[in-house]
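On the provided structure of chain A, position chain B as indicated by the hints.
Here the protein sequences line up with chains A and B, keeping their order. Heads up: the first sequence begins at 1 in the numbering used here, then just goes up one per residue. Heads up: the second sequence begins at 1001 in the numbering used here, then just goes up one per residue.
Derived from the structure by calculation, the hints contain no laboratory data. Heads up, a few of these hints could be off.
Here are the computed distance ranges between Cβ atoms for each label pair [what the hints assert, rightly or not]:
1) ALA1070(B) <-> MET15(A): 36 to 46 Å
2) SER112(A) <-> GLU1015(B): 33 to 43 Å
3) GLU18(A) <-> LYS1054(B): 43 to 53 Å
For every residue, glycine included, the Cβ atom is placed at its ideal position computed from N, Cα and C.
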Amino acid sequence: DAGVIQSPRHEVTEMGQEVTLRCKPISGHNSLFWYRQTMMRGLELLIYFNNNVPIDDSGMPEDRFSAKMPNASFSTLKIQPSEPRDSAVYFCASSLSRVDEKLFFGSGTQLSVL
Amino acid sequence: DQQVKQNSPSLSVQEGRISILNCDYTNSMFDYFLWYKKYPAEGPTFLISISSIKDKNEDGRFTVFLNKSAKHLSLHIVPSQPGDSAVYFCAASDGFQKLVFGTGTRLLVSP
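Looking at chain B on its own, in the form it has when it is part of the complex:
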């Protein structure tokens, strides 16, 4: 049973445009959400997070939006750059530090 779902396995975007990566979750106990970025042959690295008490968190070109009623979050990258090409994992926590990850979305940003 996949509690965190990333339904788009891949996404292609042109450099300079917006990338929107989506994530849905089923467990209403999740109260903290994170995005990780993974390059080939490397481990995932933390990108940005959001607490359930907020609906938006911004860090430079990266913004995460949380819609608790829809159990949906999204990561916006504006403007997208070729170096953003990676696999992005959405993760959720219920406060007991047991992160549940999605299956990932592969983003390709073309020049």
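The shape of chain A in the complex, shown without the other chains:
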């Protein structure tokens, strides 16, 4: 299996622009997570889905952030409008089931908002 695939690897954009990050989880995994890594806060959970349904989005910073999972093999995290403080590495992860805490992470998207 190719593992969790994220795109793009790097994104540089200007403040106010819309940013869309994409994720393809491991086939057969039922749970998908979006994390953000910063120096100050480490890895923060933004939102997670189980069987394509959002279960907990309490970590989403504000209304500028939204996430969707239209099917079992694809998810997006959108920031609109983007701000410089959104600059971070965004990781997508998946796991086999809701009771499996072992997560498999993608390589991340390095987002820079100028």
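Then chain B, alone, in the frame of chain A:
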């Protein structure tokens, strides 16, 4: 409010010696703990875990110790190797699959 804390941002160890990475947590509902390792430009990968019903779990050179009364866990790497140089994240779960991660400790193992 940081529920999982890794107070040492970095650690340097010589090859062959023991590396000890520490992690503290505040939420008494956490009952499952994991360590992840992260190399530059890659995502974190699972390393080792421990359930709250145990106080030690060993996997090769890696051992995790859990002290529930102190809300503290540690990862021991013996012997340390240069390839172990990475950022190590401690994570905790309350059973609802919402992993809470620490800020990470950067380990450097020098030859």
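Taking the hints in turn, this is what the structure says about them:
1. ALA1070(B) <-> MET15(A): 36 to 46 Å: holds (45 Å)
2. SER112(A) <-> GLU1015(B): 33 to 43 Å: Distance hint for SER112(A), GLU1015(B) holds at roughly 35 Å.
3. GLU18(A) <-> LYS1054(B): 43 to 53 Å: holds (47 Å)
Hint compliance for this structure: every hint is met.
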